[in-house]
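Visitor: Sequence:
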Amino acid sequence: MAITPDGQVFVSDGYGNNRIVHFDANDNYVKEWGGLGIGRNEFSLPHAIDIDSKGRLYVADRNNARVQIYSQQGKLVDSWQNVVVPWGFWVKHGSDGADDEIWVCGCSPMPWLEHPDYPGAPLSCPPKDQLIMKFGTNGRMQQLWTIPKGTDGEEQPGDVNWLHCLALDSDGNVYLGDIIGKRAQKFVLRQRK
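Taking the numbering used here as reference, the numbering of the sequence shown is continuous, increasing by one, and the terminal residue is 208.
Source of the hints: derived by calculation from the structure; they are not laboratory data. For clarity, every value in this text was computed on a predicted model and none was experimentally measured. Some clues are possibly wrong.
[Claimed, not checked] Listed below are the simulated EDC-like cross-link pairs for lysine to aspartate or glutamate, each with C-alpha atoms no more than 20 Å apart in a straight line:
no., residue 1, residue 2
1, 107, 167
2, 143, 186
3, 143, 167
4, 201, 116
5, 143, 174
6, 69, 21
7, 197, 144
8, 69, 115
9, 149, 115
10, 201, 184
11, 143, 170
12, 149, 184
Generate coordinates for the entire structure from the input sequences, incorporating the hints supplied.
Guide: See the structure below:
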């Protein structure tokens with residue numbers, strides 16, 4: 016869910032409806048867009064949504080292995096394809112919209128299984144790797160981290176087992192949540208010397 020400063024609410028309704036739903040500040044339905052598919056304005060499990068300083072919506076179109084960026088009116092602005100299978104977002108707002116950081120967690124694109132109706136569209140299954148990526152609002156990757164995968168039931172500190180969500184605090188610490196490990200962990204980023 017993404018909420019604008021004036022209270023508009025945008026929901027990524029991925030498990031079942033494959034759409035984005037917009038509600039006003041009084042919880043009234045405004046509009047929706049999307050539907051199952053691989054084309055423009057279609058989704059295959061829109062798994063997360065966030066908003067940048069300029070009001071653009073970033074949608075984790077997970078099973079299509081792309082990030083789709085929309086205006087609040089539902090107009091497609093940009094699409095970052097085959098860079099990451101996105102599961103979660105965190106937008107770190109900068110001093111102006113140009114220096115926002117778009118943080119994405121997910122895995123490398125790969126054709127895990129094919130959707131019966133959309134050949135080549137991946138379905139979710141255990142990931143082959145686990146990534147944290149930082150992008151500029153222009154879609155250029157600025158940083159990439161790989162996170163060690165834990166062994167089921169034997170995860171150690173620093174292991175993540177099926178990375179699923181992330182958040183950052185005001186000090187730049189990264190918090191990761193994983194499904195199989197059933198936990199959240201805090202990671203402190205260090206500058207290289």
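Visitor: State for each hint whether it applies.
Guide: Tested hints:
| no. | hint | in the structure |
| --- | --- | --- |
| 1 | 107 <-> 167 | 32 Å, violated |
| 2 | 143 <-> 186 | 30 Å, violated |
| 3 | 143 <-> 167 | 14 Å, holds |
| 4 | 201 <-> 116 | 19 Å, holds |
| 5 | 143 <-> 174 | 14 Å, holds |
| 6 | 69 <-> 21 | 13 Å, holds |
| 7 | 197 <-> 144 | 18 Å, holds |
| 8 | 69 <-> 115 | 9 Å, holds |
| 9 | 149 <-> 115 | 10 Å, holds |
| 10 | 201 <-> 184 | 10 Å, holds |
| 11 | 143 <-> 170 | 17 Å, holds |
| 12 | 149 <-> 184 | 15 Å, holds |
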